[in-house]
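> Chain residues, written in single-letter form:
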Amino acid sequence: AQSVTQPDIHITVSEGASLELRCNYSYGATPYLFWYVQSPGQGLQLLLKYFSGDTLVQGIKGFEAEFKRSQSSFNLRKPSVHWSDAAEYFCAVGAGNQFYFGTGTSLTVIP
Amino acid sequence: NAGVTQTPKFQVLKTGQSMTLQCAQDMNHNSMYWYRQDPGMGLRLIYYSASEGTTDKGEVPNGYNVSRLNKREFSLRLESAAPSQTSVYFCASTPHAGDAYGYTFGSGTRLTVV
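Sequences listed follow chains A and B, in order. Counted the way this note's numbering counts, the first sequence spans residues 1 to 111. Counted the way this note's numbering counts, the second sequence spans residues 1 to 114.
Just so you know, the hints here were simulated from the structure itself, not pulled from any lab data. It is possible that part of the hints are untrue.
[As the list claims (entries may be wrong)] Dumping the calculated DSSO-like pairs for lysine-lysine here, alpha-carbon to alpha-carbon at most 30 Å:
| id | chain 1 | residue 1 | chain 2 | residue 2 |
| --- | --- | --- | --- | --- |
| 1 | A | K49 | A | K68 |
| 2 | A | K61 | B | K14 |
| 3 | B | K9 | A | K49 |
| 4 | A | K61 | A | K49 |
| 5 | B | K71 | B | K9 |
| 6 | B | K57 | B | K9 |
| 7 | A | K61 | B | K57 |
| 8 | B | K57 | B | K71 |
| 9 | A | K49 | B | K14 |
| 10 | B | K14 | B | K57 |
[Stated by the list, open to error] Some chain B residues near chain A, calculated using beta-carbon distances under 7 Å:
| id | residue |
| --- | --- |
| 11 | L43 |
| 12 | Y64 |
| 13 | G106 |
All residues carry an ideal CB built from backbone N, CA and C; glycine is no exception.
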């Protein structure tokens, strides 16, 4: 069965520090992989996606993610976090007609 | 602005009442989805419509019904609301089910059942 695991429920980083949010998936074939961001009271916005080709993908707002097939991972990174990045982040895998979401990682940014 | 529009944004129901959540997209997408979001559980799929005229159950369909009214609109109905259905409901769409495009989400409906 398909599943997505985000092992970190909550992460706190200082503004200007680097960030890595972890995502592991379980899927039999090569998946479509996504990261979404949700600001408080808002819907989800697509940050980036991977479906083939270069395993390092660039997204909006300075985010990037790397697909590692051997580790079944698709971790999200940002070199320098801004206060406006505080939000909840969801990893998702597209499998068949559906998308499966992780339970999310809440990011707090401290000055 | 193009996108997914959900109404209402907030709703309070009494146990046993019924209501319909509306969703409309103007991007000519074929596939539409209803999710619920609960703390610590991420997003769980309730129902989806891969194309106009079709609907399928997702992970948590019990207590809900859906109607794909036309290509633009996909409604979610609670026939007899229960406190366990207190949640934030999101509608989403994508050009074709199973493609790599990703979803466009609405801004959500926050439902409280008392």
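> The structure should be examined with respect to each hint, and the outcome stated for every one.
Consistency of the hints with the structure:
{"no.": "1", "hint": "A:K49 x A:K68", "result": "holds, 14 Å"}
{"no.": "2", "hint": "A:K61 x B:K14", "result": "violated, 42 Å"}
{"no.": "3", "hint": "B:K9 x A:K49", "result": "holds, 28 Å"}
{"no.": "4", "hint": "A:K61 x A:K49", "result": "holds, 14 Å"}
{"no.": "5", "hint": "B:K71 x B:K9", "result": "holds, 22 Å"}
{"no.": "6", "hint": "B:K57 x B:K9", "result": "holds, 24 Å"}
{"no.": "7", "hint": "A:K61 x B:K57", "result": "violated, 35 Å"}
{"no.": "8", "hint": "B:K57 x B:K71", "result": "holds, 18 Å"}
{"no.": "9", "hint": "A:K49 x B:K14", "result": "violated, 40 Å"}
{"no.": "10", "hint": "B:K14 x B:K57", "result": "holds, 25 Å"}
{"no.": "11", "hint": "L43", "result": "holds, 4 Å"}
{"no.": "12", "hint": "Y64", "result": "violated, 16 Å"}
{"no.": "13", "hint": "G106", "result": "holds, 6 Å"}
Hints 2, 7, 9 and 12 from the earlier list are contradicted by this structure; the remaining hints agree with it.
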